[in-house]
Every structure is written in structure tokens, then in C-alpha cells.
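First to last, the sequence lines map onto chains A and B.
Counting with this note's numbering, you get residues 330 to 660 for the letters of the first sequence.
Counting with this note's numbering, you get residues -17 to 247 for the letters of the second sequence.
No wet-lab data here; the hints were simulated from the structure.
Please read all numbers here as calculations on a predicted model, not as lab measurements.
A few of these clues could be false.
Below, in silico cross-link-like pairs of lysine-lysine (BS3-like), each with a Cα-Cα straight-line distance of 25 Å or less [stated by the list, open to error]:
1) A:LYS344 x B:LYS240
2) A:LYS400 x B:LYS203
3) A:LYS625 x A:LYS554
One side only, chain A facing chain B, incomplete, derived with CB under 8 Å [stated by the list, open to error]:
4) ALA381
5) THR382
6) LYS400
7) ASP403
8) ILE409
9) GLY413
10) ASP419
11) LEU422
12) ASP426
13) MET430
14) ARG433
15) LEU437
16) PRO462
17) TYR466
18) LYS610
Reference listing, derived: stretches of chain B covered by chain A, where coverage requires no fewer than 3 residues with Cβ under 8 Å from a Cβ of chain A [unchecked claim]:
19) -6 to 0
20) 74 to 82
Beta carbons are placed, not taken as given, at the ideal position from N, Cα and C, and that holds for glycine.
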Amino acid sequence: MKAVIAEDLVKTYNKGSVRALDGLNLDVEEGTVLGVLGPNGAGKTTTVRILATLLAPDSGRATVGGIDVLKHPDEVRKIIGLSGQYAAVDETLTGWDNLIMFGRLYHLSAKEAKVRAIELLEQFSLSEAAKRPIRTYSGGMRRRLDLAASLIIRPKVLFLDEPTTGLDPRGRQDMWGVIDELVKGGVTLLLTTQYLEEADHLADEIAVIDHGKVIARGTSDSLKKQVGGERLEIVVENENLQATKEIVAKVSGSAVNVDEGLRQISAPVTTGSKALIEAAKLLDEKGIHPLDIGLKRPSLDDVFLSLTGHVAEEKTDENLETATGRKKGKK
Amino acid sequence: MMNAISDALIITKRQLLQLARVPEVLIFSTIQPVMFVLLFRYVFGGSIDTGQPGGYVQLLMPGIFVQTVAFTLAATAVGLSADMQKGLIDRFRSLPISRSAVVFGRTLGDGVLNIVVLAVMGLTGFLVGWRPTSGALNVFLGFVFLFVFGFAMSWVGVLIGLSVREERVAQNVTFIAVFPLTFLSNAFAPTTGMPKALQYFAEWNPVSTMVAGCRELFGLKNEFGATAGSFPSENPLLMSIIYMILIMAIFVPLSVRKYNNAAKK
Chain A
330 MKAVIAEDLV KTYNKGSVRA LDGLNLDVEE GTVLGVLGPN GAGKTTTVRI LATLLAPDSG
390 RATVGGIDVL KHPDEVRKII GLSGQYAAVD ETLTGWDNLI MFGRLYHLSA KEAKVRAIEL
450 LEQFSLSEAA KRPIRTYSGG MRRRLDLAAS LIIRPKVLFL DEPTTGLDPR GRQDMWGVID
510 ELVKGGVTLL LTTQYLEEAD HLADEIAVID HGKVIARGTS DSLKKQVGGE RLEIVVENEN
570 LQATKEIVAK VSGSAVNVDE GLRQISAPVT TGSKALIEAA KLLDEKGIHP LDIGLKRPSL
630 DDVFLSLTGH VAEEKTDENL ETATGRKKGK K
Chain B
-17 MMNAISDALI ITKRQLLQLA RVPEVLIFST IQPVMFVLLF RYVFGGSIDT GQPGGYVQLL
43 MPGIFVQTVA FTLAATAVGL SADMQKGLID RFRSLPISRS AVVFGRTLGD GVLNIVVLAV
103 MGLTGFLVGW RPTSGALNVF LGFVFLFVFG FAMSWVGVLI GLSVREERVA QNVTFIAVFP
163 LTFLSNAFAP TTGMPKALQY FAEWNPVSTM VAGCRELFGL KNEFGATAGS FPSENPLLMS
223 IIYMILIMAI FVPLSVRKYN NAAKK
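Between the sequences and the hints, there should be enough to build the whole structure, so can you do that?
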């Protein structure tokens, strides 16, 4: 059963001059996590806004939990949770005030709202901060409270729009932990991210979108395979470069790439760990001790680069810098 | 329907909670009108001859009440604009609540704030010599009138707040709109001194009809607006009611629609 279906969604802005979505198709199997991966401006947020009933597409259709988003938005709102890129909670109020307010807006009784607020504050390690105004919270705490607010009614389908954008590495780790727990609890999750690592970590399946379209779809592994198989990479001392090159050529049977600067020799292999063991054995016979040896699978950055011809843009965190070495400051 | 009202009241309650959490907001939004009362009373009061018993303050108080509630428009616009920028409107719109609850709750909340402000201003007015002579019922009716006018203006603020890109714009736009409206009126000085075209505008200005109406309800002849013998200055209460109905008939549906299509700019 598909928990989310989007068919041929088109959304244009500025009288058609900007095509935010250009025939987007995707679906999410119940109880799974779909990571929607793409650079800024690819159409991620527009997709979420349409699915969460905030925005009507120019054309196309969408269902959430089997309910038509355009025809019965009120029914959809009863089964979804939305947590956006910006922590959408009232900063003047305390965490407690916020959860009670949203609980009441979900039509819980005063008592139910209180019980649920206590549970959620506990679950998200915010009990101690409950009576403090949100503006005193750290970025990570705000996001957790925002997420808690979207879980008040235990939604069937949860939309998280860039849940860790702007968080420091610690905050991101915490958030991942929290999301992992939710997924174990069986929620269907559609998550957008511009962090390749995040999609890899959290999602069962990844849809790569660019210019308003899904350009690739699959598990992290299958996407990596799509880009190319594994490569054997060996780093050795300078004097062993030539001998190692010959060994790698023999194991691989394909063209060998030598990077003298890195003292690295690499070549595509098809036999996986077998090739690795064989190469290690041959090196050992020659008395060569590699500084590093391994099988490298393409990163999601490689996937993105080969699919779109450009790297994922607007990196906001240096820890997630891509293998392509492209560097951008914090935004 | 019941849900629509209870949802709106939750939003109103949120606004009151905000005031409880940050009382400075209430304090300063009260200080400003009180300051206006004192400034106008003592700066202009001495030089404007009203020809009526009790002096300028009798005419001033209705004027300044109306000016203050007219500015509800700004408060509503700024508040909603801030909610929009912070993504709160998105969250509210993703909830299974009535489509008018958030804007209705907001205008109601700003109305409640007006009650507090009007009470403090009335008290200040009393301390500096304001004495309505029309009896408790009429005075009460006068305040009801002011409350409803503020509520109507608040709906104009909803549309502005949801249409502009950020809070500061909301602030500027509303001030530019409301200041001329309150000064091109009979609120603080007779309209007779104005150029003819402005006199005509001032005559029909809803602020003028409101001020004139309140002066009547507080037991005062409206000297400041009775120049041309025109319909609005002869029937200020009726005209004010028509204006309030008109404003709401136009801006309530527009605002609710705007909210339902609201998108962060």
C-alpha cells in the first residue's frame, strides 16, 4: 500500500516563467522512509507543501494515506504531521505552551493535550526546558520541539522538510537519533534534504530531484551502482608505484588510474572483495606494504554529479563537504 | 461552527499568553496612547478654543480613542506578518482546524488588547479632566462602538499582514495608511481650517464619523465636523455603522481567502 502518491505534479511561479515542479512523480510505501534529495531550488519544499495541503499544484494529482490532497485537504490534515525548514513554533511561548496550544488545535481535550505534551517532552528530552520560552532554546532543541508538535496526533504520514538544515553536527546527530526512533515506530516518512549523507543514513529509498523532476530513484546502494561499480584503491610509497600498478592492472583487467600526487592507484573491479584479497596477496608476495588499501564505492555525491552534471549546491556545513572538493561558506 | 469558534479562541488565548510571557508588550502598547493623551491635552489644549464647557480634553478624548483603535490595523498586520515569516502560518494551515480560525482568533485577540488600552486611556483622560456627561449606558455604548471599529480595522490589517513580505514592511505600510487617515479628520482640530478638497475628504473619512459619533455618545456636540452640513456630519453614528459593515463585508472574506492561499514570500 502506498502511503503517498504524487503524479505529474506541475507548479509554476511568476506566470509560468519559473517551473518549480515540472511533472514530478513519486510514491512512498507505507512504513518506509523516502528521502527526497536535491539542491536548493530543485522543488523539494514545493513538493512537501503540495502534499501537506498548503499549496495547490497547477496540474497533477496527489494522495496521502489514500486520500486526495486536492479534494479532501481537511481529511489529509487529520493524518499528517509537518515539520518545516524553519522551526514553526511560537518563540515567545514556552515549549509547554506550544504543545498544549497545538494539542488543543488538534481537538484534544485539555487533559489529553497535557498527557500528550508530557509524553512528547519526555520523548524528545525537553522536559527540563518545558517551562522556558522557545527563544532560549538551542537550534537543535527548537527543531526537536517543532518535530514534537508535528507528532501530537501520531500522524500516519510525516513530512520533514530539511530537518537538519542549519544545525550544528551535534544537533544533527541528535535529530538523526530522534528520527531513527520514529521510523522504528513504523511511521511513514517523507524527508527532504540537501545532505547526501543524511539521505544515505535515514532513507530506505532515495528520489533524486533536480529542476522539478525526479531524475533517479532507488536505494542508496542501487543509485551508487547506477553510477558505476566499485573501485579498488591502493596508496603506496613512491618507489612501489610501478609494481603496484602492474598488480592492479592484473587484478582489474581494466584501465588503471595513477595519481602520483596522492600516490594512489585505482581501477574498477567487478569481483568485489575477492579482487581486494587477491591484490593484497600479490602485494604481500612482492613485499609491498600498502599505506592504504580498500574498495571504494561511489558516494552519493558521485551519484549526484553523474546524474545532474553538477554537485549538490548550497552546502551549508563543512562537515558534509563533498568528495568533489567544492567548498562553500555557510549561508 | 462550534469548532470554528473554539479554534479561534485557542489562537486568541495564545496571544494573551504571549502578553503574559512578555508583559512589556502590553505596557508599551498602553504607554503610547496614554502619552498621546497627555501631550495633546497639554500642548494643544491651551491654544484651541472649543467654545464648549470642559475645554479641549472633552473633544480630544473621542478623537484619540478612535486614533488608537484605528491603529489596531497595524498591530494585526505586524503580528500576522511575523507569524508568516516564522512559518507558523504554514503550521496552522497544516492542522485540521477551521479555515478562518487563525485570522478570526488574531482579530479577536487584538480586540481584547484594545479593551485594556481603552480602559487605561479612559482612566488617564478622567485624571486630566475628561468628563463624559451622557450617562453610563451611552458611555458604555461609545466604548462598544470603539471596540467594533478596532475589530473592523483589524481585518484590513489581516490582509496587509498576509500580503507583505516582512514585518517591517507591514509596520511601514500600515503607518503610512493610518496616520493621514487619523489626521485628515476632525479628531484633533476643526476641519474648517483645511483646504476645501481636504475638508471634503475629512467630512467623509470614517475616522471623522467615528469621532463625531463617539462625541455624541459621550454627550457632546460635535463642533469639529459640522461645517458643511453634509450627510456624514449630520448622521455620524449611522455613517460609522455603515462604514464598519462595509469594511468587514469587504475585508473579512478577502482576508480569509488570503489566509487560505497564504504562502511565504
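Evaluation of the provided hints:
A hinted pair counts as satisfied when its Cα atoms are at most 25 Å apart, and LYS344 of chain A with LYS240 of chain B qualifies at roughly 18 Å. The suggested pairing of LYS400 of chain A with LYS203 of chain B is violated, with an alpha-carbon distance near 58 Å, which exceeds 25 Å. Between the alpha carbons of LYS625 of chain A and LYS554 of chain A the distance comes to roughly 12 Å, so the proposed pair stays at or under 25 Å and holds. The beta carbon of ALA381 of chain A is positioned within 8 Å of a beta carbon in chain B (closest approach about 5 Å), and the interface hint is therefore held.
Hint status for THR382 of chain A: holds, given a least beta-carbon distance of 7 Å to chain B, under 8 Å. Because the beta carbon of LYS400 of chain A sits about 15 Å from the nearest beta carbon in chain B, more than 8 Å, this interface hint is broken. Interface restraint check: ASP403 of chain A against chain B, minimum CB-CB distance 6 Å, threshold 8 Å, status holds. Against a cut-off of 8 Å between C-beta atoms, the interface hint on ILE409 of chain A holds, since the closest Cβ of chain B lies about 7 Å away.
Given hint, GLY413 of chain A at the interface with chain B, holds; its Cβ is 5 Å from that chain's nearest Cβ, closer than 8 Å. Hint on ASP419 of chain A holds. Least Cβ distance to chain B is approximately 6 Å, under the 8 Å limit. The beta carbon of LEU422 of chain A is positioned within 8 Å of a beta carbon in chain B (closest approach about 6 Å), and the interface hint is therefore held. At about 6 Å, the closest approach between the beta carbon of ASP426 of chain A and any beta carbon in chain B falls short of 8 Å, and the interface hint on this residue holds.
The closest approach between the C-beta of MET430 of chain A and any C-beta of chain B is roughly 5 Å, which is under the 8 Å cut-off, so the hint is satisfied. With 8 Å as the threshold, the beta carbon of ARG433 of chain A comes within range of chain B, its nearest partner Cβ sitting at about 5 Å, so the hint holds. Using the Cβ-Cβ criterion of 8 Å, the hint placing LEU437 of chain A at the interface with chain B is not satisfied: the shortest such distance is roughly 11 Å. Interface restraint check for PRO462 of chain A: the shortest CB-CB distance to chain B comes to about 6 Å, inside 8 Å, so the restraint holds.
Taken as an interface hint, TYR466 of chain A does not check out: its beta carbon lies about 14 Å from the nearest beta carbon of chain B, beyond 8 Å. For LYS610 of chain A, the interface hint is violated, since its Cβ never comes within 8 Å of a Cβ in chain B; the closest pair sits about 58 Å apart. Counting residues of the region -6 to 0 of chain B whose CB lies closer than 8 Å to any CB of chain A gives 4, which reaches the minimum of 3, so the coverage claim holds. Residue count for the region 74 to 82 of chain B with a Cβ under 8 Å from a Cβ of chain A: 6. That meets the three needed, and the coverage hint holds.
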